[in-house]
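Trainee: Could you put together the complete structure from these sequences and hints?
2 protein chains.
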Amino acid sequence: MKVIVLGGVAAGTKAAAKLMREDRENEVIILNKGENISYAGCGLPYYVGNVIPEKEQLIVNTPQKFEKLTGAKVLVRTEATKVDREGKTVTAVDLETGEETVYHYDKLVIATGASPVIPPVEGRELQNVFTMRTPEDAIRIKDLAVNGGIKKAVVVGAGYIGLELAENLAAEGIRPFVVDMAPQILPGFDSEVSDYLERRIADAGIPVVTGVKVTALEGDGKVEKVITDKRAYKADMVVFCAGIRPNTEFLEGTGIEMFKGTIITDSQGRTNDKDIYGAGDCAMVRNAITGKPAWSPMGSTANISGRLIAQNITGEERLYRGVLGTAVCKLPGLNAGRTGLTEAQAIEEGFDAASVIAVVDDKAHYMPGASYFIIKMIADKKTLRLLGVQAVGSGAVDKIVDMAVTAIMCKADLNDLADMDLAYAPPFSTAIHPFVHTLNILLNKLNGGLKSMTPAEYAKGMAEGYKLVDAGQVPSVPGAMHVELTEVNGPVEGLDKNDHILLVCNRGKRAYLLQNRLDYYGYKHTKVLEGGITFTEAEGL
Amino acid sequence: MKVIVLGGVAAGTKAAAKLMREDRENEVIILNKGENISYAGCGLPYYVGNVIPEKEQLIVNTPQKFEKLTGAKVLVRTEATKVDREGKTVTAVDLETGEETVYHYDKLVIATGASPVIPPVEGRELQNVFTMRTPEDAIRIKDLAVNGGIKKAVVVGAGYIGLELAENLAAEGIRPFVVDMAPQILPGFDSEVSDYLERRIADAGIPVVTGVKVTALEGDGKVEKVITDKRAYKADMVVFCAGIRPNTEFLEGTGIEMFKGTIITDSQGRTNDKDIYGAGDCAMVRNAITGKPAWSPMGSTANISGRLIAQNITGEERLYRGVLGTAVCKLPGLNAGRTGLTEAQAIEEGFDAASVIAVVDDKAHYMPGASYFIIKMIADKKTLRLLGVQAVGSGAVDKIVDMAVTAIMCKADLNDLADMDLAYAPPFSTAIHPFVHTLNILLNKLNGGLKSMTPAEYAKGMAEGYKLVDAGQVPSVPGAMHVELTEVNGPVEGLDKNDHILLVCNRGKRAYLLQNRLDYYGYKHTKVLEGGITFTEAEGL
Chain A
1 MKVIVLGGVA AGTKAAAKLM REDRENEVII LNKGENISYA GCGLPYYVGN
51 VIPEKEQLIV NTPQKFEKLT GAKVLVRTEA TKVDREGKTV TAVDLETGEE
101 TVYHYDKLVI ATGASPVIPP VEGRELQNVF TMRTPEDAIR IKDLAVNGGI
151 KKAVVVGAGY IGLELAENLA AEGIRPFVVD MAPQILPGFD SEVSDYLERR
201 IADAGIPVVT GVKVTALEGD GKVEKVITDK RAYKADMVVF CAGIRPNTEF
251 LEGTGIEMFK GTIITDSQGR TNDKDIYGAG DCAMVRNAIT GKPAWSPMGS
301 TANISGRLIA QNITGEERLY RGVLGTAVCK LPGLNAGRTG LTEAQAIEEG
351 FDAASVIAVV DDKAHYMPGA SYFIIKMIAD KKTLRLLGVQ AVGSGAVDKI
401 VDMAVTAIMC KADLNDLADM DLAYAPPFST AIHPFVHTLN ILLNKLNGGL
451 KSMTPAEYAK GMAEGYKLVD AGQVPSVPGA MHVELTEVNG PVEGLDKNDH
501 ILLVCNRGKR AYLLQNRLDY YGYKHTKVLE GGITFTEAEG L
Chain B
1 MKVIVLGGVA AGTKAAAKLM REDRENEVII LNKGENISYA GCGLPYYVGN
51 VIPEKEQLIV NTPQKFEKLT GAKVLVRTEA TKVDREGKTV TAVDLETGEE
101 TVYHYDKLVI ATGASPVIPP VEGRELQNVF TMRTPEDAIR IKDLAVNGGI
151 KKAVVVGAGY IGLELAENLA AEGIRPFVVD MAPQILPGFD SEVSDYLERR
201 IADAGIPVVT GVKVTALEGD GKVEKVITDK RAYKADMVVF CAGIRPNTEF
251 LEGTGIEMFK GTIITDSQGR TNDKDIYGAG DCAMVRNAIT GKPAWSPMGS
301 TANISGRLIA QNITGEERLY RGVLGTAVCK LPGLNAGRTG LTEAQAIEEG
351 FDAASVIAVV DDKAHYMPGA SYFIIKMIAD KKTLRLLGVQ AVGSGAVDKI
401 VDMAVTAIMC KADLNDLADM DLAYAPPFST AIHPFVHTLN ILLNKLNGGL
451 KSMTPAEYAK GMAEGYKLVD AGQVPSVPGA MHVELTEVNG PVEGLDKNDH
501 ILLVCNRGKR AYLLQNRLDY YGYKHTKVLE GGITFTEAEG L
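Order-wise, the sequence lines are chains A and B. The opening position of the first sequence corresponds to residue 1 in my numbering, with each subsequent residue numbered one higher. The opening position of the second sequence corresponds to residue 1 in my numbering, with each subsequent residue numbered one higher.
Everything labelled a hint here was simulated from the structure, so no lab data went into it. All clues stand as given, with none of them false.
When chains are identical, the list treats them as one kind, so a pair holds in a single copy or across two.
Capping the alpha-carbon separation at 16 angstroms, the derived lysine to aspartate or glutamate pairs in EDC-like fashion look like this:
no.: 1; residue 1: Lys-152; residue 2: Glu-224
no.: 2; residue 1: Lys-274; residue 2: Asp-106
no.: 3; residue 1: Lys-68; residue 2: Glu-487
no.: 4; residue 1: Lys-292; residue 2: Asp-266
no.: 5; residue 1: Lys-445; residue 2: Glu-22
no.: 6; residue 1: Lys-445; residue 2: Glu-316
no.: 7; residue 1: Lys-451; residue 2: Glu-22
Mentor: What follows is the structure, given as structure tokens:
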């Protein structure tokens, strides 16, 4: 069988290698537009920050090495320009010579990836304006960062790559400033979690401004200023990490089904043409919870799809249930990870969503380096099915996320997960695992044992008319009445049983214990502020 | 309702606090034999090694603080001596005054824990001979370690606590030596994994000898020598971490069902008396896979059981599915974790067990600190159900274990887990997650794509008659024929197609690729050594 693979970074090389392993009779040819195949796209920011010192480390395999290892053939600097579905051919042009060649295929795998978008603003052609997508991009940025006398950089785009790049530019001694058009950073997080992250990142020396649109770049040869619809920012370097666009223009008119330029595939990775497959950043997969089409331009998805397509092509039927929008990111001073539906997405999808924000120890509190996770957990009220998790903290948020992924893919409900015998030893975790601790709080909330206000509700002004009560061990909420939990053995002077009372403490735990007592003594309208003042920083808190 | 709780460390305090939160009308009294309640038993080794500097940090709650926080009553130095099931009373003695008191209960929770076992050898009463169970034990050991001029310590018992203690004694500048009667360290691991761990621990300066029984201690006042059935060891200090025995003697004759001194409980935590519950180290729970009784004297199990019992007592019916024998341990130079059934246990339980040992990157190979996991994964051949995981490495083995726990509790099979959208970014993981990477290798093995020999099979001599072929990038197996994978494009000179050939490389990957080619060229009897020379250190390898 002759298989043409268009694109040779993650999905393409994975598919090609697996196809050759499955049957060495296969003839597999990769046509790759760029010079490099199989590079570490997700590692690029870390090359800029010199966490990865050598550029050679970014290249997993050269074309020569890959050919020798797998038996597949690789043509670089070769761009596919046309697909003829009836004739089952691909036309490609050699970018060195301009020569066109027509390749016959039995099966075609399209894994052409995506390209960075630079908005069409004036000054975009100035020197020291970059995108951040390929090893060449990263090499140019690092070179300038190290040798160019750069002091200030504006990163456009506060997604994962933008923030990782900002952190790594800071590591080179450059002051980064991040701007984003969107109302929040990191679109995969609910907005109150994004807001929290934005504050923490700013504390760590990386200011971010959201809701700001770049309108022009100015400078004399080199970029000097970024003009936005709000104000202007000085910059010796500008990097656009503001989105990518699938490389699928050459498919226009082929009848291959697309959605916003992205190839639609079924659960075997096939397009509407049974001999053409799509994988990686140019293709659409499905959301594993909703079943709806989802775009997941991630190295992990590319690898899973590439492997699975090879298996399907060689007749081993395998189905891809799809993605959960999982992501994890090392941010300045803390890590953030997420999977599944956000609360906002869950509501939009018609779930009767319940959520909680918990602040829980990440390992035994007496161990050095112990800190806390902030975990937002989202479940369906009726079925108790786990829908999503967002986790933030200096520790192993990836563990919390990976447990949630496993649970969601197994369609677990909260009760399935409450009595898990998870790994505990003081250097790693707590006797009640932070994942389960959060889940218990959510169950308490759902069965009425905890009556709480979420940080999002608080931010929306739902605490208006509430008396603020500080349940902390030591008073720390300005203007609040402090109540010492352990001394409440009856009605509390100054609090009426019909008062609406918001109980606030450091994390939410003492407030919960106080609510428990106040309930017993007949207080009817108390709420605990979830996550306490650790999560919510507001006037009076 | 009046609830008497016997024991106030983990399960007892958890149950008492939850009972009071569920209904403050409850009258809850904890009777605790020792001076301290609610201490960090799992943290004790880290206090010895000064990772936890202050002894106060070991105590989570004093009786006074606990009473004020929860409303439960705590009596310390008060030992239960008799239970009258008909009269529903407990008799307890005040260890200070010798006075006996009879307490009535509506519900009784037995959480009396377990005590360390010192084998009845001569010399056990010598100075500087300890057990390691309570804060007092740890304080005495640390005091001697810091101030006693101690040079050599023998730790008896190579379980989790024994090895953690050995590491922490080494941190105090003491040369530890660990002996164990059992044929292997860490009984929760399959023996080849234990053997690997034993070698690594010895490399890190902590020699362990297994299969050795202590027969006497010798010394003049202070211990000086440990006599075993093999040889004698000099020692200025001896610590017995050689097992514990449930504190249930006082239940003799009550008719409460026990197994080897351990209270048998149902999935609600109840004994055969519907008003008496058992939790923590003195009680038996169930194995969540086999449904058979299992003893799990762990802080995590105690907390889960304590909470669940409180819920059941107050009428909220909750079932405990049981434990998986999960454990994780920081060892010198590396971490080790496990859950579910070992391969040996799985076979014993009648499963048609398949297993694989994989050596896989723990994060992107180009990141600083990147290393590898050794993961043993066990599944049922017929149903592909995941049965157990053992993970070793310098990285986050707890993540691998917790994912496995989640999967096993959801009764997942390997196909349910193969396409999971797990968290990937270079500082945290690999594009194909190490858990899934291992799982893919096991699936390859099960579907015949990989034909391998396990390290255990190799150790048993199953490679006899095999030609050893080194598939490494550079030759590194003495006496083996080196074959350069990328140059195999037909039959290999010196290898007959009917030869039995064992393919060995660093981790197993290149050997697998070579096998793939040799298959194609008609070689009929090749095997890949799983885990390569990274896992197996043997003559000629």
